[in-house]
Amino acid sequence: MAEKLIPVVCPYCGVGCRLYIRAVDGYPVNIEYAEDLEGISNENGKLCPKGNAVLEYILAKDRLKKPLKAKEQGKFVEISWSEAIKEVAERLKAYAKDDPNQLMFFGSARTFNEPNYLIQKLARMLGTNNVDHCARLCHAPTVSGLKQVFGAGAMTNTYKDIEEADVIFIIGHNYAETHPVGFRYVLKAKERGAKVIVADPRFTRTAWFADIFLQHYPGTDIALINGLIHVIIKEKLYDAKFVRERCVGFDEVVKAVEKFTPEYVEKITGVPAELIVEAARTFATAGKGVITWAMGLTQHTHGHDNVRLLGTLSAICGYQGREGCGCAPMRGQNNVQGACDMAALPNVFPGYQAVTDPEKRKFFEEFWGVELSGEVGLTVIEAAHAIDKGKVKAYYVMGENPVISDANANHVIKALQKLEFMVVQDIVPTPTLEFADIVLPAAALLENEGSLTNTERRVQWSFAAVKPPGEARPDWWILSEVGKAVGFDRDGSKGFRYNEAADVLREINACTPQYRGITPERLKANLAGIHWPCPSEDHPGTRVLYKERFLTPDGKAHLAAVDYRGPVELPDEEYPFILTTMRYVGHYHTITMTGRSEALVKRWPEPLAEIHPDDAAKLGIKTGDWIKIETRRGVYAIKARVTRAVKKGVIAVPWHWGANVLTNDALDPVAKIPETKACACRVTKISEKEACEIMKKLPNPIPQIEIVKG
Amino acid sequence: MARKTIFIDFSKCIECRACEVACEREHNGMSFINVFEWQEMAAMALNCRHCEKAPCVEVCPTNALYRDDDGAVILAPQKCIGCLMCGIVCPFGIPELDLINKIMGKCDLCAHRRKEGKEPACVATCPTDALIYGDFDEIQRERREKFTEKAIEVAKKAEKISLLGV
Numbered sequence: 094m095a096e097k098l099i100p101v102v103c104p105y106c107g108v109g110c111r112l113y114i115r116a117v118d119g120y121p122v123n124i125e126y127a128e129d130l131e132g133i134s135n136e137n138g139k140l141c142p143k144g145n146a147v148l149e150y151i152l153a154k155d156r157l158k159k160p161l162k163a164k165e166q167g168k169f170v171e172i173s174w175s176e177a178i179k180e181v182a183e184r185l186k187a188y189a190k191d192d193p194n195q196l197m198f199f200g201s202a203r204t205f206n207e208p209n210y211l212i213q214k215l216a217r218m219l220g221t222n223n224v225d226h227c228a229r230l231c232h233a234p235t236v237s238g239l240k241q242v243f244g245a246g247a248m249t250n251t252y253k254d255i256e257e258a259d260v261i262f263i264i265g266h267n268y269a270e271t272h273p274v275g276f277r278y279v280l281k282a283k284e285r286g287a288k289v290i291v292a293d294p295r296f297t298r299t300a301w302f303a304d305i306f307l308q309h310y311p312g313t314d315i316a317l318i319n320g321l322i323h324v325i326i327k328e329k330l331y332d333a334k335f336v337r338e339r340c341v342g343f344d345e346v347v348k349a350v351e352k353f354t355p356e357y358v359e360k361i362t363g364v365p366a367e368l369i370v371e372a373a374r375t376f377a378t379a380g381k382g383v384i385t386w387a388m389g390l391t392q393h394t395h396g397h398d399n400v401r402l403l404g405t406l407s408a409i410c411g412y413q414g415r416e417g418c419g420c421a422p423m424r425g426q427n428n429v430q431g432a433c434d435m436a437a438l439p440n441v442f443p444g445y446q447a448v449t450d451p452e453k454r455k456f457f458e459e460f461w462g463v464e465l466s467g468e469v470g471l472t473v474i475e476a477a478h479a480i481d482k483g484k485v486k487a488y489y490v491m492g493e494n495p496v497i498s499d500a501n502a503n504h505v506i507k508a509l510q511k512l513e514f515m516v517v518q519d520i521v522p523t524p525t526l527e528f529a530d531i532v533l534p535a536a537a538l539l540e541n542e543g544s545l546t547n548t549e550r551r552v553q554w555s556f557a558a559v560k561p562p563g564e565a566r567p568d569w570w571i572l573s574e575v576g577k578a579v580g581f582d583r584d585g586s587k588g589f590r591y592n593e594a595a596d597v598l599r600e601i602n603a604c605t606p607q608y609r610g611i612t613p614e615r616l617k618a619n620l621a622g623i624h625w626p627c628p629s630e631d632h633p634g635t636r637v638l639y640k641e642r643f644l645t646p647d648g649k650a651h652l653a654a655v656d657y658r659g660p661v662e663l664p665d666e667e668y669p670f671i672l673t674t675m676r677y678v679g680h681y682h683t684i685t686m687t688g689r690s691e692a693l694v695k696r697w698p699e700p701l702a703e704i705h706p707d708d709a710a711k712l713g714i715k716t717g718d719w720i721k722i723e724t725r726r727g728v729y730a731i732k733a734r735v736t737r738a739v740k741k742g743v744i745a746v747p748w749h750w751g752a753n754v755l756t757n758d759a760l761d762p763v764a765k766i767p768e769t770k771a772c773a774c775r776v777t778k779i780s781e782k783e784a785c786e787i788m789k790k791l792p793n794p795i796p797q798i799e800i801v802k803g
Numbered sequence: 004m005a006r007k008t009i010f011i012d013f014s015k016c017i018e019c020r021a022c023e024v025a026c027e028r029e030h031n032g033m034s035f036i037n038v039f040e041w042q043e044m045a046a047m048a049l050n051c052r053h054c055e056k057a058p059c060v061e062v063c064p065t066n067a068l069y070r071d072d073d074g075a076v077i078l079a080p081q082k083c084i085g086c087l088m089c090g091i092v093c094p095f096g097i098p099e100l101d102l103i104n105k106i107m108g109k110c111d112l113c114a115h116r117r118k119e120g121k122e123p124a125c126v127a128t129c130p131t132d133a134l135i136y137g138d139f140d141e142i143q144r145e146r147r148e149k150f151t152e153k154a155i156e157v158a159k160k161a162e163k164i165s166l167l168g169v
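Sequence order for the protein chains is A and B.
Reminder that position 193 of the first sequence reads as 286 in my numbering, one-by-one numbering, no gaps.
Reminder that position 44 of the second sequence reads as 47 in my numbering, one-by-one numbering, no gaps.
Derived by calculation from the structure, the hints in this document are not laboratory data.
Hints should not be assumed to be uniformly reliable.
Claimed, not checked - Straight-line C-alpha distance at most 35 Å; calculated DSBU-like pairs for lysine-lysine:
hint : chain 1 : residue 1 : chain 2 : residue 2
1    : B       : 160       : A       : 253
2    : A       : 283       : B       : 105
3    : A       : 334       : B       : 82
4    : A       : 162       : A       : 186
What the hints assert, rightly or not - Now the stretches of chain A that chain B is said to cover, found in silico as 3 or more residues with beta-carbon under 8 Å:
hint : segment
5    : 266-279
6    : 733-746
If you're wondering where the values come from, they're calculated on a predicted model, not measured in any experiment.
Just so it is clear, CB atoms sit at the ideal spot from N, CA and C, and this is done for glycine as well.
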């Protein structure tokens, strides 16, 4: 009965904090801060409120403990693992035989690299590239945008560089609230004298610490960034040597930003012209600068262009390839980067090797020993529409919750009802799980071991600290059993015979160039992890990318010239407000985990819609009143909070509780991300009774499923 | 005797309430630190100040409140009769009634963690170092030093500018 301290990685956001679980024989007693570990992303073992409450969701009473089979929607019977695996494998095989593209697979940014590798391997070996995960809904534009500008879609630098920067430009990102431990580095830089520029439609907690605050309207990012570039070019503040030697396309940029004078930008964005000039001067002349962004910037139909412009802004100032500089997209979940690296994406093989490239495809055909499809697969939102057309008939969903997380959720629900077969592999009941035919109970992150890649490309090993409840099994185990049952039971990389998670990582080492030197042995010995790219076992990992050349074919940064496009849906007479979504520090994603933690629910019990005092006065709304928000896609009831944090004409709603019934699913043409962050809406005051009526019709974020006998 | 307690640099507080959740976990579901937001502009955490001249200790009729070796004001639960006197005299309203056991509860600077040589949980977890566990004199001195450094830096810059003849 010895108490042990087991090092794990926090199961929440993309910072990838280390902590210890104090456990006795697999039962958790408490947590302990990892103050003794050097070089980890959370210095001195610091944790945010979610990190402090990690044990609560694991001990939730409604954890899934046995495989389930649906009798009707929401009613399940318990079955054995062998029955469940057999049924899943047979159904998958049948669809694959007919047409593999009837299948759609969802990876998960909330589980390890290994299961994500396995789910895409399963999809591809079955003959389809229809595999995607929730990065589509958060950072798809980052991956596609940065790839076009710099040649790769990952953060170019690390937290250390944020700390060493002289200016930090935070746009569309409530850093203090979404990544409190990461925000530590911003404050440390500020203490050293660095300037902080924040651009956000809301006056967020991040903005409390801003030296310059640019409050623009949702969806006007292109105008704002173009305005900054305009001033920098006009006043010749750019790094001419860097532009000459390492960039192409500068002349087009000069032409494209010509009309974006501060006065013109003020008209579009609502930001005073002199602030734009001041921000541009501060940013360009600082010497070392970091740009960081998140969903406020990416969740737009022009998200891809937004990111390209930020890359351009960073490059023309010469803020690339040096310490203390770079572009830092902040990932929401602890393994978004890893799930993308492992290719839970429809267009690439592991390590971002395009499925359309015959040479890469040939490598994987030999590696996995099957013929592979060269056709780019479907993304999350496209899959929901493909069901309508009868093209997709079966979903395999691992740790995802599209009913709450996808834009235009009402449509997603209708689509899921039309599916012929759906497998959900998760740790607790979710609204998505209610539509499942087979439910596979998975072990949670702390009950499981494997590697995770945080937002700064740091790959870390997390050890199993707690025993899974009932018959719940690790994700890699479930997928390898399904794989074998489907018929892929050869040895080595050609089949699904694995004894432990480390076996899978060894296979990843063999086929993913960036991960070649990141072996399980190295990760287990080095708790602080290794930054990819790490091409060999004696390579220390890479902190700053692009020191000599960019990863584009010609080695240069491809600057982007982009003209202004606003949100697809603008306010009009019928829907006079702009709706944007936000998040709370105590909640995470679709509250499947945080919603089961008493300490967090007590502090952040309900969503509140933020509305400007002038608008509130016009509509007769006071803080605490119930309001109804309507868009062209849905209706949502929520309590109001009157605050100056938002601009006039803007309504901000936290999305954790299912506000996506309202949002627009218009897609960015390149990144295929829906425009969750801006759409037109109308607001009316309602009674509590009316609010209850509306809420009854919405999916419950924490549903109770019924388990019946026989 | 150097007395250590928790100080707050509210210019760094981001109202994430990690301290509250950490305290609650270490103290069986009761948090003895609370974060308040001021006018949507700034936040600060408020916990027991472990006052030099602590009114709660002076007023306690059963001597349930006492000072431990590190100078923290601690409650001896077996002596507490739940009379609420300490809660009334405390200028910050810190001691709270534990509704189940009918005795008072208050911050003990994580006595169990200090025994192992660790900082109180709220300080250990604070992502932005807004909470500092230390000796008041030392913290004051550090702040003065930092301020002086900045002043010298500004003076040097001014000198340079005047040398350039601007």
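Now the hints, each set against the structure:
For a cut-off of 35 Å, the pair hint linking residue 160 of chain B to residue 253 of chain A stands: about 27 Å separates their Cα positions. For a cut-off of 35 Å, the pair hint linking residue 283 of chain A to residue 105 of chain B is broken: about 46 Å separates their Cα positions. With a C-alpha separation of about 75 Å, the suggested pair residue 334 of chain A and residue 82 of chain B falls outside the 35 Å cut-off, and the hint is violated. Using a Cα cut-off of 35 Å, the hinted pair residue 162 of chain A and residue 186 of chain A holds, with the two alpha carbons roughly 18 Å apart.
Remark: the segment 266-279 of chain A is confirmed as covered by chain B, as 6 of its residues place a Cβ nearer than 8 Å to a Cβ of that chain, reaching the required three. Taking a C-beta to C-beta cut-off of 8 Å, the segment 733-746 of chain A contributes 3 residues in contact with chain B, enough for the three needed, and the coverage statement holds.
Hint violations for this structure: numbers 2 and 3, all remaining hints satisfied.
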